[in-house]
Amino acid sequence: MAKELKVEEKLKYLYELQKVDSKINEIEILKGELPMEVQDLEDSITAMEGRIDKQKGQVEDFHGQIAMYKANITEAEGLIKRYEKQLDEVKNNREYDALTKELELARLDIQLAEKRIRDTSAKLENKEETITVNEDKLTSKKEDLTLKKKELEEIIMKTEKEEEKLTKKRERSQKKISVGLYDRYERIRSQYKNGLAVAFIERDSCGGCFNSVPPQTQLEISLRQRIISCEHCGRILVDDHIETSLEKLTQQQEEQ
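The working numbering numbers the first residue of the sequence shown as 11 and each following residue consecutively.
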């Protein structure tokens, strides 16, 4: 069974954990919004590529429709030549009227096909213009993504070793703290944007919310006999000598 830590040791490990988390937060701030921007750009590029592919498919459909209408015209023109030749060979009015009707229908088919070719060609032109605009936007987004990725990679390269070191240090401190105390620490941290759960007493005030801390409470904190929270913000309070104690603790750990 693991030996129960003294309150002073708990506070030291809590403070060490807070220092590590604050440093990790600084690195995340250095990265800024870049990871999200990179992800958003990648998602946007994927979606735009999908739209362009769909639009290119529509262009192919338009070309197919135009080819079909042209084939209809060619077929109708062939019929007209045949019907005109047959007109010279008709023997009665009934045959003449029938051929004349067929000629009329064939010419109407040509007119209809030509109109559809014009309409479809206009749609085709608009769609090709849209594709050109979207491809220009896509190129711009890809260039922007390349720059942002490079910027993020440079930051990661600079901070990678430090992050690995901090992660190991964090794991070590976390293991030293009970699950209940760690959960309390994380719960407090999650309530504040700066992630500060452990705060110094500075100028007789809480270093987190800057509200006054009574002298009697400050004395109790300096004795380190129990874990005391700020009555205003709930942060765990430590005195300014904790840093020296932590340095000694770190030195002992490195010697082990």
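Worth flagging that the hints you see were computed from the coordinates, not collected in a lab.
The C-beta atom is built at its ideal place from N, Cα and C for all residues, glycine as well.
One or more of the hints may lead you astray.
Claimed, not checked - What follows is a list of derived Cβ distance ranges for each label pair:
(1) Glu-241 with Lys-160: 45 to 53 Å
(2) Ile-62 with Ala-108: 27 to 35 Å
(3) Leu-115 with Ala-77: 47 to 55 Å
(4) Glu-253 with Lys-168: 48 to 56 Å
(5) Arg-117 with Ile-62: 49 to 57 Å
(6) Glu-145 with Ala-77: 21 to 29 Å
(7) Ile-55 with Asp-250: 47 to 55 Å
(8) Ile-237 with Asp-214: 15 to 23 Å
(9) Ile-165 with His-251: 32 to 40 Å
We went through each hint and held it up to the structure:
{"no.": "1", "hint": "Glu-241 with Lys-160: 45 to 53 Å", "verdict": "holds (49 Å)"}
{"no.": "2", "hint": "Ile-62 with Ala-108: 27 to 35 Å", "verdict": "violated (52 Å)"}
{"no.": "3", "hint": "Leu-115 with Ala-77: 47 to 55 Å", "verdict": "violated (22 Å)"}
{"no.": "4", "hint": "Glu-253 with Lys-168: 48 to 56 Å", "verdict": "violated (26 Å)"}
{"no.": "5", "hint": "Arg-117 with Ile-62: 49 to 57 Å", "verdict": "violated (40 Å)"}
{"no.": "6", "hint": "Glu-145 with Ala-77: 21 to 29 Å", "verdict": "holds (24 Å)"}
{"no.": "7", "hint": "Ile-55 with Asp-250: 47 to 55 Å", "verdict": "holds (51 Å)"}
{"no.": "8", "hint": "Ile-237 with Asp-214: 15 to 23 Å", "verdict": "holds (20 Å)"}
{"no.": "9", "hint": "Ile-165 with His-251: 32 to 40 Å", "verdict": "holds (35 Å)"}
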